[in-house]
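Peer 1: Chains as they are written, first to last, in UniProt numbering: chain A, 1 to 227; chain B, 1 to 227; chain C, 1 to 227; chain D, 1 to 227; chain E, 1 to 227; chain F, 1 to 227; chain G, 1 to 227; chain H, 1 to 227.
Simulated DEER-style distance windows between Cβ atoms:
no., chain 1, residue 1, chain 2, residue 2, range
1, C, ALA144, B, LEU46, 27 to 33 angstroms
2, E, ALA43, G, ALA61, 34 to 40 angstroms
3, A, PRO89, F, THR34, 55 to 61 angstroms
4, D, GLY120, G, ALA19, 52 to 58 angstroms
5, G, ALA7, H, ARG143, 21 to 27 angstroms
6, G, ARG122, C, GLY10, 53 to 59 angstroms
7, A, PRO71, C, GLY49, 47 to 53 angstroms
8, H, ARG77, G, VAL51, 51 to 57 angstroms
9, H, ALA20, F, ARG69, 54 to 60 angstroms
10, C, ASP59, F, ARG77, 56 to 62 angstroms
11, C, ARG5, F, ARG77, 51 to 57 angstroms
12, H, ASP8, F, ARG69, 35 to 41 angstroms
13, D, ALA90, E, ARG223, 21 to 27 angstroms
14, C, GLY49, B, ALA20, 42 to 48 angstroms
Just a few of them, taken from the derived set where beta-carbon distance is under 8 angstroms, the chain F residues facing chain A:
no., residue
15, ARG21
16, PRO198
17, ASN204
18, PHE209
19, VAL213
If you're looking for bench data, these hints aren't it; they were derived computationally from the structure.
C-beta: ideal position from N, C-alpha, C; glycine also.
Number of protein chains: 8
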Amino acid sequence: MDAPRTADLGFARLDPDRAARTGTPEVVYAAGKTPAETVACLAGLLDAGTVPAWATRVDDATAAAVLARWPGATVDRRARCVAVGDLPPASGSVLVLTAGTSDGAVAAEVAFTLAASGVGCRRVDDVGVAGVHRVLAVAPDLRAADAVVVVAGMDGALPSVVAGLTDRLVVAVPTSVGYGAAFDGLAALLTMLTACAPGVLVVNIDNGFGAGVAAARIVRSVRGSAG
Amino acid sequence: MDAPRTADLGFARLDPDRAARTGTPEVVYAAGKTPAETVACLAGLLDAGTVPAWATRVDDATAAAVLARWPGATVDRRARCVAVGDLPPASGSVLVLTAGTSDGAVAAEVAFTLAASGVGCRRVDDVGVAGVHRVLAVAPDLRAADAVVVVAGMDGALPSVVAGLTDRLVVAVPTSVGYGAAFDGLAALLTMLTACAPGVLVVNIDNGFGAGVAAARIVRSVRGSAG
Amino acid sequence: MDAPRTADLGFARLDPDRAARTGTPEVVYAAGKTPAETVACLAGLLDAGTVPAWATRVDDATAAAVLARWPGATVDRRARCVAVGDLPPASGSVLVLTAGTSDGAVAAEVAFTLAASGVGCRRVDDVGVAGVHRVLAVAPDLRAADAVVVVAGMDGALPSVVAGLTDRLVVAVPTSVGYGAAFDGLAALLTMLTACAPGVLVVNIDNGFGAGVAAARIVRSVRGSAG
Amino acid sequence: MDAPRTADLGFARLDPDRAARTGTPEVVYAAGKTPAETVACLAGLLDAGTVPAWATRVDDATAAAVLARWPGATVDRRARCVAVGDLPPASGSVLVLTAGTSDGAVAAEVAFTLAASGVGCRRVDDVGVAGVHRVLAVAPDLRAADAVVVVAGMDGALPSVVAGLTDRLVVAVPTSVGYGAAFDGLAALLTMLTACAPGVLVVNIDNGFGAGVAAARIVRSVRGSAG
Amino acid sequence: MDAPRTADLGFARLDPDRAARTGTPEVVYAAGKTPAETVACLAGLLDAGTVPAWATRVDDATAAAVLARWPGATVDRRARCVAVGDLPPASGSVLVLTAGTSDGAVAAEVAFTLAASGVGCRRVDDVGVAGVHRVLAVAPDLRAADAVVVVAGMDGALPSVVAGLTDRLVVAVPTSVGYGAAFDGLAALLTMLTACAPGVLVVNIDNGFGAGVAAARIVRSVRGSAG
Amino acid sequence: MDAPRTADLGFARLDPDRAARTGTPEVVYAAGKTPAETVACLAGLLDAGTVPAWATRVDDATAAAVLARWPGATVDRRARCVAVGDLPPASGSVLVLTAGTSDGAVAAEVAFTLAASGVGCRRVDDVGVAGVHRVLAVAPDLRAADAVVVVAGMDGALPSVVAGLTDRLVVAVPTSVGYGAAFDGLAALLTMLTACAPGVLVVNIDNGFGAGVAAARIVRSVRGSAG
Amino acid sequence: MDAPRTADLGFARLDPDRAARTGTPEVVYAAGKTPAETVACLAGLLDAGTVPAWATRVDDATAAAVLARWPGATVDRRARCVAVGDLPPASGSVLVLTAGTSDGAVAAEVAFTLAASGVGCRRVDDVGVAGVHRVLAVAPDLRAADAVVVVAGMDGALPSVVAGLTDRLVVAVPTSVGYGAAFDGLAALLTMLTACAPGVLVVNIDNGFGAGVAAARIVRSVRGSAG
Amino acid sequence: MDAPRTADLGFARLDPDRAARTGTPEVVYAAGKTPAETVACLAGLLDAGTVPAWATRVDDATAAAVLARWPGATVDRRARCVAVGDLPPASGSVLVLTAGTSDGAVAAEVAFTLAASGVGCRRVDDVGVAGVHRVLAVAPDLRAADAVVVVAGMDGALPSVVAGLTDRLVVAVPTSVGYGAAFDGLAALLTMLTACAPGVLVVNIDNGFGAGVAAARIVRSVRGSAG
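Take the sequences, apply the hints, and build the full model.
Peer 2: The structure is reproduced here in structure tokens:
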């Protein structure tokens, strides 16, 4: 391994070569950081050449601090994400499905991640299996996409059905939507891990960012590393 | 409440009026009992007028002991059930679905329970959602039945799809089929409890007996108490 | 399956034929939706012919938004439910028991669901097994009902006793009432799943809606599809 | 604290003054010990004046080894207990209930513990709440006993009902009887901990020994320290 | 069983004969009830002859409502308990230990319950096993009490040590004090259930009321039913 | 969706068009099936044109039955897989890493799945992070592969490190290797789901088959649908 | 054991000889205590000769109360710790690593504990394994320290890598940083307990205090009891 | 980091420089390996200069295979460990306590690990807190040792008491001894993690090897790197 650089901010050690190694730059996880710390990390990444520099799990105070520093920043409050610097042009196509409207915030994080990664995205919302004809209606789209991301809470059953209808990779995102025995996403997580259809790959509960990064890697693999 | 009778065997206190109260006689749970104890319980129930007298969770030794005492007993080794005395004629119709072939033993317990309860049963096996067209193919049957029992392990997603296709009551039985994050049926149990389609009612993992009793009650309600 | 319709609101895809398929219309799950989204969903359902259109898990802001749009809407704050359009006349009879007064909000959701489904309901509250004579006192009612719904938190022991006293189907709803080892309803859920009396069917913790839908299906089965 | 003695066997350090301190002598937990080790511990206790010396969780090999050394030993295979030396005369009266026949081994351990502690015991088996009249039938006995021990698996609902019928202390023993969501006794344990009737005290799953020791302490308190 | 009375308040069905049956009157669990409901329950109990009438899990609003109705009511804010009517004179002696100062609120609920039950109580706080000499210092008191209640969070190790030093019954109350792997009292609960010293009986996490009721029963058993 | 075919064996309903829909044929899950059932399923798949027909979770008896019927079948006892019919020529390249030698059986299932899917595979075993230089040594290989599969038990830490070194998709397979707090693979599963490096996608514990199917889909996407 | 002193404050029993016995004085756990109680405990410890007297889990109100009483007190708001009296001079060297910036509060508690214990500390933050070169860069420091403390949330993978690079004892602190399947630190805790590199010792989630005390003991052992 | 060597056996990649880096050589984890694989790993380690080469979790077949190859090997069946080559001379002193005789196998693994690491060990068995005077009796030894390892199952309370009596580092090993709510060591694990005495460091359930490695590191730190 070549010696990667480290940008030491004292409270944080940035990894500016991560995009070169992994295709995805270091992205700031704003939860547990002060607005000032998130701003400093974004500035450090920009200084080291990461464009756009971007953050997830951004609360209102942090979004305001980012806009105060960079008025032209892209802010998506539903996705709780911000990006500083121009987003790249999009290529490729990822289909993002949600089982219900309440899964929308997580799907928004997927979409933001794809946009910041230069990957195209099409969303189809509220196609839960209680009305399975809604899933069947999108079967042609499932096969036309470069990859499929399925976002579902409660029973998390949608990926099992989807994966039986497409030869694309299916990235499943359990969400914390639901109550009682949904146990904050645990039910959906276990459902997806035990999906009776193979080819379902799972990320952490509510982890739209991770699903987006993975889908972007797939698209890049299919279309060449320009993404 | 009239004073119900109790038949005291010393190690067990039989409840011979249970059928009169609940529509289902006391049924012997053979797990944790010796073959002799199960035989004694069956004999006690027969003495008190319960016909057929019947037991679940019967291992090979107990089945042999039952046959030694009552050579004409009905034994279903896959269901692990035995019944002594003629089974009643069947009326009504319960549709029993399994998601996979490996769920067959639990479905057999459902079917045995229905038969011992005088209720008709039709089984359709291996209609898991990875090939959802197999479910859609039985949609007319789902609506023609008096009740539907769905038996599924692994992701337990089948009841969510079924309940969106029928106005019948759907009794869901999670099974311990699967491995890893299936956690001996926990994944399927949670999936079914959080099913996005309402009208799904759940019993314990691998509890074909309970599902059968419930389905029989539904049929009796629909068709009148003769069952 | 005939091709069911889908009403696409962009953020939601309504399923207006669900009542025809399942006997219960699509009902709006308001948790995680903005008041405007819930109002739009209700309007969409009304447009597609669903009367009453109805929502559960409604907070105060959403209830206000609904009343602003439809001043004659039915609002039940304890049940956290709203309905727009006339409720159907009630037929049949479901007995709804609670173990304690603190289970009342969940029982209210059961009752609202029954009312919106055109099914009659009688409630008897606070009949926990610590004073088991209170349960025995309602034994005749248990046998006269078309179905029984039992709502209980803490130890969740009431359905086990009830199911031994009636031949009606017993739908058990664990609630999150209790503390410590009640684990937000897990104790009651496990108790009900392992009830020593068969014929107990379980729904998710605090899921009064699902219990009501299931009970309504039973009543319709018994009395014919007019409900 | 006076300096208690320790009898050092090398692999074990016996505590011969425990009876003086706590009313119950050190009792050998045979699980995880070789037969020879258990025999050595019993011999050491006898040497130090503990009569009877006694062991729980005894398998067949250990029972045989004990009988080889002390042919007159008391062996209860169902309780998996052995005692060497005369059992004390019994005084007092503990009522031991089981919910089902399958709970019998644990109840046997309770009974053995009481006998070895010089406390009287009356067992009534198979009084589960699915036929609650069986519980009501023993209500007078519940009030006549010095203490009540309730042994139950599956839903573990029996102590909640019993504790509402007596002013005696109710010691509840969850058992591992059941399957699926019984989770090896966890369901019964949680039920008992959250019992809606106060005055229920709980021991570990399958811990008949602990329940017996506690019940013996109660009897001794009531009747004076001679037990 | 004689036909016990039921006082029907509509939203609650009081059980005024519970004291006669169990030695403890029905006590109002105020959590999940409105202040008005708690006041109504207390009034109903007083009407039916229960003195004092008493409630647990009382928040500030409910305490204020009680004082507004009955200015002479006994209110213990730390224990979150209220009682209306004179407390009975105390007899007997229960020793209540806490492992740490932070366990004090639960110990206060134990003490209030004992006082309302007419049982004497002595508290010794902060005797955790990290300085085990503090436990040894109270060994004589442990043997002089009629019963011992041990309240402990975090590791919950105190009852294991205490039970080895006394022949009194030890009632163990796990508390939710702690963080991380304390899992809101689960660690202490499991520790107490698996205590290596027999004679430890466990109640629900933070359940000072249940521990107090049990200890009062012991004292009554020892001293005769006058308590 | 075109009407897919179903091949009904009575106990199983085969889905012979699954390869056309999803790129992977139906594969027989032999766990819970008799040898005869597995043989019948394989024969049914062959009849419907699936070559090779293949099964996972094959025990010795089933492997023998397969060889008796098809002496030229491919059997991999470590992977517990069999295939009947010629394996396709391999194209593409998946790098399969294991953290330890004990993870070998699961890695063998990955490799078998890739081979049966016509995808090339290179294995590098025993590169756990306790000697992280072993991981760094394969960094160039990580970037040259079409996809990476990482198989790890115990702490499951390897995917976090690997995903920081490559721009390929990383499919993580937790294994049940380990003891104690490994909880049969739960520790590794949680580690992988919460990996601090994005781009990690997770399958069920010990699910080498699912990982192989997913990796094959990636390779097909990259290289075109010929695989 | 010499008779240790106990300082009885009524609500608390201080253990002023703990430093003599264990090398660490009693430290006040302020969670669950009122500001006045914490101040009283600190005063009691100072009176008994403990300097500095110190508290953890201190909220803003308590910090203010401490400063009001002792204006010169040392307050670290990020660590949530206060100390009254001069801190001892530092000797020895503990290296404290964090995986991410969000783990900083827990690392601050480690550092405060070391400072109050008279032990030197060097912090290196944000060296998570997603950029493993950052860990390798500190390998020489890992071997130069007297002990290493590793603080990590999410996947908790850092200690496994660190322990393979040093012969120093590695104390691992899982943190509650993360979401979803991180389960408030459970994922990191299990990872660390199952670390594939031996020599990793684990404390409770977020327990920077415990890690600091342990590291101080190591340093004292190495350098002699003066610390 | 200097480039460490890797010895590639194909199925395993040995790490012969681990002792130089970490003070402990790579040790073969024999679980999940064939006897031949374990023998090959031991031979590979010997070839690379590791003396003694050693393995844990060795079953009888593997022990026999080792003795067949190296008749002079050291085999400890209770510890399930083997070593090939002379054990180093011992220096330093670790005190190993067990709470009960049944914890002996884990303590034996600790002792073997210390012996193979050249560290002295003194064992004191069966000093559980139910007879706390047994712990107090060893208090002087606790302070004379270089480090203390405490092995305990069931309630796992012993480390909390021990850590209050010594200034030595306390390494706590939870064991799977116990039943019911011991949950295979989970209860003891949680107890130890939440110990009210600081300075307790925890390893995985039954992980005597890890505790031994850690204790050896402490001794080496205290006495200098010669061990």
